[in-house]
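Number of protein chains: 2
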Amino acid sequence: MSHDHALEEDLTLTPKFDANGLVTAVVTDVANGDVLMVAHMNDEALRKTIETGDAWYYSRSRKALWRKGESSGKTQRVAEMRMDCDQDAIWIRVEQIGGAACHTGRRSCFYRAITKGDDGAAKVAFVDAEKVFDPAAVYK
Amino acid sequence: MSHDHALEEDLTLTPKFDANGLVTAVVTDVANGDVLMVAHMNDEALRKTIETGDAWYYSRSRKALWRKGESSGKTQRVAEMRMDCDQDAIWIRVEQIGGAACHTGRRSCFYRAITKGDDGAAKVAFVDAEKVFDPAAVYK
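Chains as they are written, first to last, in UniProt numbering: chain A, 1 to 140; chain B, 1 to 140.
Isolated chain A (complex conformation) (with noise of 0.2 Å):
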């Protein structure tokens, strides 16, 4: 394996920023532990996140910075922000303001189980899937 051993023992914040310009977020709920959602961050999304302490992320989709809750006013207040060996990746546990991060109304984007059927292909099912806010009334 090749690695890049000044990337992973300096104290420098040097991401590596993907062809897109983008680092993965992985965002947790400081109360449990539970992975709310995963998001990117371009230089200017992490650089604000660092600054005001609520957390900022791109949009792939709309291609825009987009600060979390800005439309839906779940915003996130960041407790910590750790970044992996190799400086791709972004570990942020938040303050969850609303008690939901996921744009379908859950408490996490993660409401459905992978397993394994009894005719050993993959099953999915609903856990922890109650909405907690009606996203028809909040995102007009």
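Pairs count within a copy or across copies, as identical chains cannot be separated in the list.
For lysine-lysine, the following DSS-like pairs were computed, each having C-alpha atoms within a straight-line distance of at most 25 Å:
#1 74 / 116
#2 123 / 48
#3 63 / 16
#4 140 / 74
#5 116 / 16
#6 74 / 48
#7 48 / 116
#8 140 / 63
#9 16 / 131
Keep in mind the hints are simulated off the structure, nothing from the lab.
Starting from the known structure of chain A, arrange chain B on it as the hints suggest.
Using the frame of chain A, we list chain B on its own:
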């Protein structure tokens, strides 16, 4: 925002692989909820993980399917798998065999915290960065 209601509400596994045929895998430690690593899965890695209960990934640098721990012995037993709303990310809760997921020898790949320094710029510090194993002894 444009969202795909079927993708979000269906109980079928229809992963939205990216241009390289990959989805993002976020791996957390079932023992304490910490994020251990971020990796990628192609269709075969996902299928083998569901079938075997061991974590398989696709290495972008080596362009190869890879059973986590196949060279280090630090395999991952899957406790739970979940998919996200738009089916381009998978959350995997694992029992980390050997107590370390990172190739640098640490428990987690996220062993550096990012904070805002007194001068307003980003500051990086080691956290939970103790090495559980010596990479030089494990990867020959």
